[in-house]
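Chemist: Guided by the hints, dock chain B onto chain A, whose structure is given.
Read off the chains here:
Number of protein chains: 2
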Amino acid sequence: MGALRGLEAFFNPRSIAVLGVSRHPDKIGRVIFDRLLNNKRMGILRAELYPVNPELRELYGQPVYASLSEIGGYVDLVVIALPAPYVPRAVLEAGKNGAKAAIVVSGGFSEVGNDPLTESLKEAIRQAGIRVLGPNTVGVFDPYTGVNTFFTKDVKPFSDGRVAQSFIFPGRGSIVVISQSGALAHYILESLAERGVGVRAVACVGNQIDINISELLSYFTGDRLASVVAIYIEGVVEGRELLNKLLELRRSGKYVVVLKAGRTPAGRRAAYTHTASMVGEWEVYAGALKQVGAVVVDNVKELADVSLALSLQRPPKGRRLAILTNAGGFSVMVSDLAQANGLEITSLPSEYIGRLERLKSEGKIPLVSVTSNPIDLSGSADSAAFEEAYRIVSEAGVFDIHLLMPFHVPPLMDESVVARLANIARSSNATVVGCDGGNTEWSIAMRTLMINNGIPAYREVEDAIKVLTLISRVYNPSKQSFPSFEIRANKASKPIRRPVLLELMEKYGIPVAIEEVVYGEVEAVEAAERIGYPVAMKIASEKIAHKTDVGGVLVGVAGRHQVVESFRKLAWVAERLGVRDDGIAVQQMVSGLELIVGSKIDEVFGPVVTVGLGGILTEVVRDFITFIAPVGEDEVGEMLRSLRLARLLEGFRGLPPVNKERLREIIASFSRIAFENPSITQIEINPLMVCGEKIAAVDVRGWQSEA
Amino acid sequence: MGALRGLEAFFNPRSIAVLGVSRHPDKIGRVIFDRLLNNKRMGILRAELYPVNPELRELYGQPVYASLSEIGGYVDLVVIALPAPYVPRAVLEAGKNGAKAAIVVSGGFSEVGNDPLTESLKEAIRQAGIRVLGPNTVGVFDPYTGVNTFFTKDVKPFSDGRVAQSFIFPGRGSIVVISQSGALAHYILESLAERGVGVRAVACVGNQIDINISELLSYFTGDRLASVVAIYIEGVVEGRELLNKLLELRRSGKYVVVLKAGRTPAGRRAAYTHTASMVGEWEVYAGALKQVGAVVVDNVKELADVSLALSLQRPPKGRRLAILTNAGGFSVMVSDLAQANGLEITSLPSEYIGRLERLKSEGKIPLVSVTSNPIDLSGSADSAAFEEAYRIVSEAGVFDIHLLMPFHVPPLMDESVVARLANIARSSNATVVGCDGGNTEWSIAMRTLMINNGIPAYREVEDAIKVLTLISRVYNPSKQSFPSFEIRANKASKPIRRPVLLELMEKYGIPVAIEEVVYGEVEAVEAAERIGYPVAMKIASEKIAHKTDVGGVLVGVAGRHQVVESFRKLAWVAERLGVRDDGIAVQQMVSGLELIVGSKIDEVFGPVVTVGLGGILTEVVRDFITFIAPVGEDEVGEMLRSLRLARLLEGFRGLPPVNKERLREIIASFSRIAFENPSITQIEINPLMVCGEKIAAVDVRGWQSEA
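Heads up: the protein sequence lines correspond to chains A and B, in order. Our numbering numbers the first residue of the first sequence as 1 and each following residue consecutively. Our numbering numbers the first residue of the second sequence as 1 and each following residue consecutively.
For reference, chain A alone in the conformation it holds in the complex (with noise of 0.2 Å):
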């Protein structure tokens, strides 16, 4: 046996002890070390296995340890399900007896709000020197090597005598599973296990102590047999580490998954800016996660889902689908979801759909097909007629997806139309992915064969087009890594004064529409018909946050008498605020396309930048982006793409075309700003206003912290 390497300890040890194997069979110790003893039995686990309990001299007739020095032998890995005070003991035990990995499965740690004894655990890993997953995690599920420290029982008892299987686990398979849950853990593994779907290993890490997410990515970059890696985040300390991690990961050519958690509002402390209100712990990840090309989804269903389908087969190279059934309600239904999803539904070329018509002549698909797409070819279609016409969809070479969807109820249908459609699928390019729409004994028996000839299947129509969708948009990150940032502690926030503003925009070379400071009735009117007519008045000073709200605004200002008019009333309402010695600020009335272009520090990733609808629409219509500082401009053109309005950049309704390439430039050099001026806690372009040529910051707030 050579040296492990890394985390392979955990994942492939030489030998395993068990610390607090009870004499009842229910307690977690004990759980541990009879499915490990079943596995060993089986031949699954081929690692040494060893019971420890001081208390226990004998279990099924072979002995047990009382500490782990006893066991004279070498140790990898110690697994420790003692009460938390005696944990951080074991770990130093584990040490001295030259064990390289431990997983402390014991709870009543920081969770339950036990700090001190957190420290103590710390430093006892690192007197001992070894690597600690944990604790409070249900640890460590590999099926390669049988290490299993799940402590669920997998059969439970109805009150009539009758047992019931009450979990499953997965087989081997290609999908790594890291959660930060051990309940949702235990629902992902099901949800793949029901899916007929294998995992490489499945790895929980509970309080993260020691070994945490971005290590275990790193462990599993190298590891051949992983193609997928399907994650569940709740929160994590070094966000710029873990997107370097998987930045690594994606360039390895493996896919990533994850479901984050706490989709919860933005904090509304200190929100001086609408990115700040706006964009909220969830929607930092779900950016900066979507950035370095991971699918972001929404539920365990949809985690499950597309990393069936990516440990399958690869993101679609485009969006042209083709569709092949045998129900026409299904059609519909599926065109119609494609659609809505941004998928498309081209048509097969003439030459093709001349060689399904022969096929019809020939008496090879029912006359009654349809052969344009969605191609369906009618109830009456046996096994062989989907195979005829799928060679020809697939010969034809213009679709970037194929779904396969043999509705199995009708009687011709026999299971030979997997092997049929798998064999054409596999010389395909396109990404191949199948649905049916049963659940019945026969339909999951058809799943699972296409499963296992590399097609990913699907019960219902909306999640093979729901997991198309998702995997169509995969992106392709460029960037190699992000530059780390030093987030400093939340300090208390003060305006950035007006000319410094401007220094910065200037500096960072963002327009901004004319303005002139005034002071005076007569200094206004010179400055309006410098600027011309129409122009917008307001309150200048940095100090009034929502100047709109307090009447600090005004628009469409015309002529010398309602420039003398809107000065009074705008100067009563700055004498009202105390902000009367800031001046009006008289400004050329831009239009165009409202944006929003702002900027936070988060407190995982540092500085992100949001893009957006801007204007009274932006908390309605929440069209917006939010990426992690600095982006390059390719990065910002990628990232614009998603956005609802990016049509509107097109040329809409009598507005022209937007000069994209000046707009990304300008986005990415906003992100500069936040990311090169650390003391910037907040700032914020509202509107960013854009129409054709001409794009202009029209107000700009900002905030720094207190020195």
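Take these hints with a grain of salt, some might be off.
[To be verified] BS3-like, lysine-lysine: derived pairs with alpha carbons at most 25 Å apart: (1) B:Lys569 x A:Lys694; (2) A:Lys569 x A:Lys543; (3) A:Lys153 x B:Lys364; (4) A:Lys364 x B:Lys153; (5) B:Lys27 x A:Lys364; (6) B:Lys507 x B:Lys694; (7) A:Lys27 x B:Lys364; (8) B:Lys694 x A:Lys569; (9) B:Lys27 x A:Lys360; (10) B:Lys360 x A:Lys27; (11) A:Lys466 x B:Lys466.
[What the hints assert, rightly or not] Derived list of chain B stretches under chain A, where covered just means 3 residues or more per stretch with a C-beta under 8 Å from a C-beta of chain A: (12) 162 to 170; (13) 332 to 342; (14) 402 to 410; (15) 432 to 444; (16) 452 to 464; (17) 557 to 569; (18) 583 to 596.
It should be emphasised that the hints constitute simulated quantities derived from the structure, not laboratory data. Cβ atoms here follow ideal geometry from the backbone N, Cα and C, with glycine treated the same way.
Modeler: Just chain B now, with coordinates in the frame of chain A:
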């Protein structure tokens, strides 16, 4: 036996004859006969059963009749499974022999373009004086009477000789399924069966040559076993008749759930207005169905899930949700989802939190339980702890919805939890729904037990929340019926002249922004000074549909000089378009929130009205509602609430709260224009500017059919 009422001959006949019983066991007529015979033998079917085939003498040792007349006895229902050309004669025969009803299973009529055969079948029906379901239908399934004409085989052989169930019929229940597609009916039935839910009856209408969906709705309105009607619609002819029948059904205390197929984009033909280009067939159906209090769902899964819920529980009275669980991960997920869907997770009153805390100190619920809402009893809770805690939650009486999520994996959970919770649920006024996240044998058994105890139970958290979201928005229609509207053939439309439009607005009390049409520069300046700067100026001609697109609108025109300049620009554009003689409009600038209010004549429902977000974002944001005209003010108010922009009407970021009563009046009035003037094909106010008390139509355009 008494006389058969209405369509009873289809669902509860005293005798059935099957025409087309073949010697081949796979032929449709034979499959139907065999299943009916089996039901007869098992005592499920009470009706007398007669096989008919002139070429067959005997089947299973029993006589086969050569014709209906040979039966000699009384036949209520004739099932016709003959080649299409023989069908009209068979219908005549049925009539002559005193049959009440026929189900024409045979296909080969208008659905394959054979209209002459359809005509002769219609004629036969008229002569025979019987009622016909179909043709081209799988017919009827009634588990109470054993009538079942579905010709699906429910088992299939694998190649190795094993046999698997390939279709499952649901048992007895209270859900009526009406479907316009046989394939979809199968999908729906299997989905219900899988959830352990029964049906009252199923009817597939096929080509609806005689009996249509509306008549079936009438029939089941009076059925005391039916509680929910689930409908799959592809399209109907008499839209207002359907709506009136649905109103009656809703008033009888039953619920309606509809899946409408075909979310095709709106027809581009003659789409002069945004309304016509945004609002397609699907949007009209969806709006109309919601208006009569139906739940509109997106797919079969939702159809089954919502029908299950409404067959066991009433829609919630409000949106306050209590969550009781033993899995923290679920708490987070479900809270996120619920809030994102507009449900409110309000706090448990402190008195009841106190009672839960006492349970903790008494050791009746785990010490680590979270006693706020979501109430998380943790993985160490047993069934008794769930009962204790739920009693307190229920007694608090402040929640409209109880979501019970006993996660079954923890070893202490046993089956008694279901009966314990159900006992409390029965005496509660809240809507109670269960969810557990598992799909093992154990979980499925627990869900079935919940359903049998009156609690709809779902596997996935998001399914439970989706159902609650949908049923918490069920509208209780105040309308008694929709007045009929004669839809004229689609004639070419011509623009309605501006003065006529303005007269209509005045007549119906819809305020219009002040405007003067001018023909020269001096006149323009005079008008602008009367109206007050800044003004908007535009080409006045109603011949130009999208004035913005051709550079025919200038806003923010401020001062004499700009008026002259603008007049010249617009005059030049008008000249080029040949509409110089129609003049230039000088209009008051109105600011605020831009709405769109438009009408069109739908081919199925007649005049419909759409209200939503106006301006350049209209087609990007797609935030609108559509309803059948005319509507009352209360109805409008109810529907406006479902717009995302509804909160903007409450006053937002400097905009004062909109006078909603006035807005409702204006919209209701507009709907009367659409209904009372049948020659108007499309009319649209875009934008209708709303800002506090000020509401004004800034632009109105209309088209009418050429006389």
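Chemist: Tell me, which hint numbers fail for this structure?
Modeler: none
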